[in-house]
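Engineer: Each chain is listed here by its residues.
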Amino acid sequence: MTIWEILIFSIVKILIVVTVMLLTVSYLVYFERRISAWAQNRLGPNRVGWEGVLQPFADVLKLLLKEDIVPEQSNKAIHSLAPIIALFVAFTTYAVIPFGPDVMIFGFRVPLVVADINMGILYVLALTSLGVYAITFAGWSSGSKYSLLGGIRSSAQMISYEISMGFSVAGVLLVAESLRPEAIVQSQAGWMWNAIIQPVGFITFVVSAFAETNRLPFDLPEAEPELVGGYHTEYSSMKFAGFFLAEYANMIIASAMIVTLYLGGWHFPYLESFGLSPTLYVIISVLTFMAKVAALLFFFIWVRWSLPRFRYDQLMNLGWKVMFPLSLLNLVWVAALIMIFKL
Amino acid sequence: MAVKKRYKDLTLLQRIYIPEIVKGLSLTMKNMFKPKFTMRYPEEKFIPPASYRGRPVLVQETNGEERCVACGLCARVCPALAIEVQAGETEREKERYPEKFEINMLRCIFCGLCEEVCPEEAIVMSKDYELAFSSRGDAIYGKDKLLTPVIQLQDRIEFLRSYK
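So the sequences go chain by chain: P and A. Residues 1 to 343 (my numbering) make up the first sequence, in order. Residues 1001 to 1164 (my numbering) make up the second sequence, in order.
To be clear, the hints were calculated from the coordinates, so they are not data collected in a lab. Honestly, I wouldn't trust all of these hints.
Each computed DSBU-like pair below joins lysine-lysine, with the alpha-carbon atoms no more than 30 Å apart [what the hints assert, rightly or not]:
| # | chain 1 | residue 1 | chain 2 | residue 2 |
| --- | --- | --- | --- | --- |
| 1 | A | K1143 | A | K1127 |
| 2 | P | K321 | A | K1008 |
| 3 | P | K321 | A | K1023 |
Here are some chain A residues pointing at chain P (derived, C-beta under 8 Å) [what the hints assert, rightly or not]:
| # | residue |
| --- | --- |
| 4 | G1024 |
| 5 | L1025 |
| 6 | K1036 |
Residues from chain A shown here face chain P by an in silico Cβ test under 8 Å; the list is partial [as the list claims (entries may be wrong)]:
| # | residue |
| --- | --- |
| 7 | I1021 |
| 8 | T1028 |
| 9 | N1031 |
| 10 | M1032 |
| 11 | F1037 |
| 12 | T1038 |
| 13 | R1161 |
Just so it is clear, CB atoms sit at the ideal spot from N, CA and C, and this is done for glycine as well.
Start from the sequences and build out the full structure, keeping to the hints where you can.
Structural biologist: Right under this line is the structure:
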């Protein structure tokens, strides 16, 4: 492939991924509201369009038309930089996650991933940690004590959970012997899912992912009863929408990461042995990936509307005294498995 | 100092969290498939019980006349001063009738005192709860809006007779 062909394919892939991401994010908000309503024996938004399917567009339009209030006490430059960082992190992380096998288009072999880089997992870990800056900046620059407390909490929380997250990922890397997301997916063909090989690592990773995305049992940075809105108390209009979008985009990334690392990525178990045509194979693989991500997203929402919030000391206890040792234990377990069974 | 064992101390199974989390999740999952309480309001309307105090109305007999004799007790008892009555004379058996009977629905507090005090059972609380006006003038309901055939108010009148 020449440089131009690579460029064109990349741009097309980026456009597709970003559009799908934005649509999924807006509908995720809608489904969050519907599912929360169902769990509480309510109906949820069902007025705009058929059963409320146009609700996301109404929400965005409302946020666009709102007045953008910047508090007098705030540090204006950083105040507007924070949501940009949040969005940047949320949308760039997705670049390395493969959503299907290689396809043949016009005689070119195109991998279904925006950027097939050989240290993709490191890239994801680095960028998700960068997300802390968005929240800390937002909290600090707002010039409000609630925002500041929210920002401090979130940085403490993210740093402590990043450790157990990193160690859980190390278990996966031991099995795959590569940092390339493609290779990790390939290593889980059939039923060799990492969730089955290393259930403890799977649990610690999922719990850390919840903490990283600030979702409900761990949403201390924006705990309403104590901190009003947390770090985004002083945000309004599209800046607030930026944080809102980033939160849901992070949820999608967390789900996609869990699928890639632990649930076999786009693999439908033993699909190769069914003898399907290559096109059908690719379509089913991509659909499998989407279904897995959708199931996990539902799980995220479901957990949010079932479990109460952790207290701050409980959160730190869980992070340092439970999740961290468990993820280390998982690493030992995987190493032992490799020693014994030569996985 | 020995730590006293409290009743609230969790068992090991509870401290692992996961069984408890599964319990909580299954509860919300069960609730997702239960019938919903929400009413789809404009399409599906709430029908209040007889004890409901909605918009006060004047009872209209089957022959088209009002029951009200314009004694003015309701206007006197009304704590919000929402009712205005002006009496007039007629040749009919009852001799008096309200020439003008107005209720200001912006003032009415739906206390039901007018209904309680009425000696003729002429003013009762209906089941109408959809009260929206576009101007202050519209909020003053005259006799044209207040008079309601007695058949529609049977429910409330029976309720009043059994509990008053």
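Engineer: If a hint holds in the structure, say so; if it does not, say that too.
Structural biologist: Each hint tested on the structure:
With a C-alpha separation of about 18 Å, the suggested pairing of K1143/A with K1127/A holds against the 30 Å cut-off. With a C-alpha separation of about 22 Å, the suggested pair K321/P and K1008/A falls inside the 30 Å cut-off, and the hint holds. Restraint check for K321/P and K1023/A: satisfied, since their Cα atoms lie roughly 24 Å apart, inside the 30 Å limit. Evaluation of the G1024/A hint against chain P yields a held restraint, the C-beta minimum of about 5 Å falling below 8 Å.
Hint status for L1025/A: holds, given a least beta-carbon distance of 5 Å to chain P, under 8 Å. For K1036/A, the interface hint holds, the least distance from its beta-carbon to any beta-carbon of chain P being 5 Å, beneath 8 Å. Contact between I1021/A and chain P, as hinted, is supported at the beta carbon level, the nearest pair being about 7 Å apart and thus within 8 Å. With its C-beta approaching chain P no nearer than about 4 Å, T1028/A sits inside the 8 Å limit, and its interface hint holds.
Interface hint status for N1031/A: upheld, as the beta-carbon distance to the closest one in chain P is roughly 5 Å, under 8 Å. Checking M1032/A against chain P by beta carbon gives a least distance of about 4 Å; that is within 8 Å, so the hint holds. Against a cut-off of 8 Å between C-beta atoms, the interface hint on F1037/A holds, since the closest Cβ of chain P lies about 5 Å away. The interface hint given for T1038/A holds, since its Cβ lies 4 Å from the closest Cβ of chain P, which is under the 8 Å cut-off.
Annotation: R1161/A was flagged as interfacial toward chain P, and the flag is violated, the nearest CB pair being 38 Å apart, outside 8 Å.
Checked against the numbered hints above, the structure violates only hint 13.
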